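Peer 1: The primary structure of each chain is shown beneath.
Protein chains: 2
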Amino acid sequence: MSERSVSTRTRRPAVSTRTAASRFFPDAETDASQRLLASALEQFATKGFHAATTRAVGEGAGMSPAAVYVHYASKTDLLFEITRIGHRSCLDAVEQALADAPDDPGERVRRFIETFAQWHAEHQMLARVSQYELNALPTRQLNRIVKLRQQFDAHLQQEFQRGVDAGVFEIEDVQGAVTAALSLCIDLARWYVPRPGLVPEQVARLYAGLVVRMVSPIRPARAA
Amino acid sequence: MSERSVSTRTRRPAVSTRTAASRFFPDAETDASQRLLASALEQFATKGFHAATTRAVGEGAGMSPAAVYVHYASKTDLLFEITRIGHRSCLDAVEQALADAPDDPGERVRRFIETFAQWHAEHQMLARVSQYELNALPTRQLNRIVKLRQQFDAHLQQEFQRGVDAGVFEIEDVQGAVTAALSLCIDLARWYVPRPGLVPEQVARLYAGLVVRMVSPIRPARAA
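Chains as they are written, first to last, in my numbering: chain P, 1 to 224; chain X, 1 to 224.
No lab work stands behind these hints: they were computed from the structure. Owing to the predicted nature of the structure, the values given are computational and were not obtained by experimental measurement. The reader is advised that the hints may include incorrect statements.
In this list, chains with the same sequence are indistinguishable; a pair is considered to hold if it fits within one copy or across any two.
Once the Cα atoms are required to be at most 20 Å apart in a straight line, the calculated SDA-like pairs of lysine to any residue come out as [claimed, not checked]:
| # | residue 1 | residue 2 |
| --- | --- | --- |
| 1 | K47 | L98 |
| 2 | K47 | D103 |
| 3 | K147 | R190 |
| 4 | K47 | Q96 |
| 5 | K47 | R149 |
| 6 | K47 | R190 |
| 7 | K147 | Q96 |
| 8 | K47 | Y132 |
| 9 | K47 | S74 |
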């Protein structure tokens, strides 16, 4: 069965891989491992982790399959490193935003969600692989990612609780609201396509507004 | 590189496939095509569309690869049929819920979101494949799915607008709020795991409450 229409549509040209490399993997140790991570990211994003081959990952980085193993012992090691960098980069952005934010609980939640949503809109390929291929990681590596993920939860839970304590938020189920708010932003990785009128900054502002509403006291609805 | 730990973790026993078949594909024409759809669903969900083979799909249905082609001309035809059935089943549920709902705009939105969220929580494997593998469909088939997807948007847009017109909702960007509300529920397919205290009905109620809040007039926040 032919899949030509699929691969021509979902494949990206090599140049975008190189751009991705410098943008998404600034802390990869060497240039070779950076090229490999970028190539693996593209393969995992377009084919899925299970369909991606070490040969294709190597080719995208200009290396033989044997050369790949000099840098990464397995395909799951590449997935782990991509996923770790993705989560770390997003967590750094959120923590910086919170460090820069004023005390007002509404403004802090707004900054958190704007940053978290914008990251997912701007790093869509990285976000997709980090979110959708997690279950392919061996338990030990998965546990390290789960620890990073718990920090997003803990931060937002703290900000929501701060607003509840200050009497400016009204939240029946704080953990449920945290999960929903994070999930809303993560799903940008699935559907979001930048377009005039909905660039990443705009979708980030829209989402921050909606999440603040989700946790704010509402006036009882009455029919007109 | 070994992927044993992955496949043992993500594979489901054959019995769940058969349950899935009768539950997810009630309108498949024959028993053989129903078994094939259930097997393909499992393969696509656990391996990804590109990694799934016709041989494995056939094996899961107790058929040779050649026998698969008697029923479906290609792997994408299986994906299209799964995706069409998924979208149709969810749309039927939402339309039934709206038909049964009273006139109150808040209650109608609540019923819409409860139904849409619960469907995604209960049909997680079907929802994942329907949502995440869409781009593997040829344009002509993709366009048919897009038409179904637009109906969810149109229905919720109408319900939101009804509330705005009645003065009970306050929505700055109706299309943005529609996209966000649907996206929130769709992402249940990624993360949701049923557990005591968060069975599908409960997450559906939680989400309906959060979405009604998203579109309700808020009291201006003030620090305590």
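Peer 1: For every hint, state whether the structure bears it out.
Peer 2: Status of each hint after checking the structure:
Within a single copy, K47 and L98 get their C-alpha atoms no closer than 36 Å, and across copies no closer than 38 Å, so neither meets the 20 Å cut-off. For the identical chains of this complex, K47 and D103 are neighbours neither inside a copy (44 Å) nor across copies (46 Å), given an alpha-carbon limit of 20 Å. Taking CA atoms no more than 20 Å apart as the test, K147 paired with R190 passes between copies only; the shortest distance there is 18 Å, against 23 Å inside one copy. In this homomeric assembly, K47 and Q96 never come within 20 Å of each other (Cα to Cα): the closest approach is 34 Å inside a single copy and 37 Å across copies.
In this assembly of identical chains, the alpha carbons of K47 and R149 never lie at most 20 Å apart, being 25 Å within a copy and 24 Å across copies at closest. In this assembly of identical chains, K47 and R190 lie within 20 Å of each other by CA distance both inside one copy and across copies; the values are 15 Å within and 18 Å between. When the C-alpha separation of K147 and Q96 is checked against a cutoff of 20 Å, the pair qualifies only within one copy, where the shortest distance is 19 Å, while the shortest distance between copies is 42 Å. Proximity of K47 and Y132 under a CA criterion of 20 Å is satisfied in both settings, with 12 Å inside one chain copy and 12 Å between copies.
In the homo-oligomer, the alpha carbons of K47 and S74 lie at most 20 Å apart both inside one protomer (17 Å) and across protomers (18 Å), since each shortest distance falls under that limit.
Hints 1, 2, 4, 5 from the earlier list are contradicted by this structure; the remaining hints agree with it.
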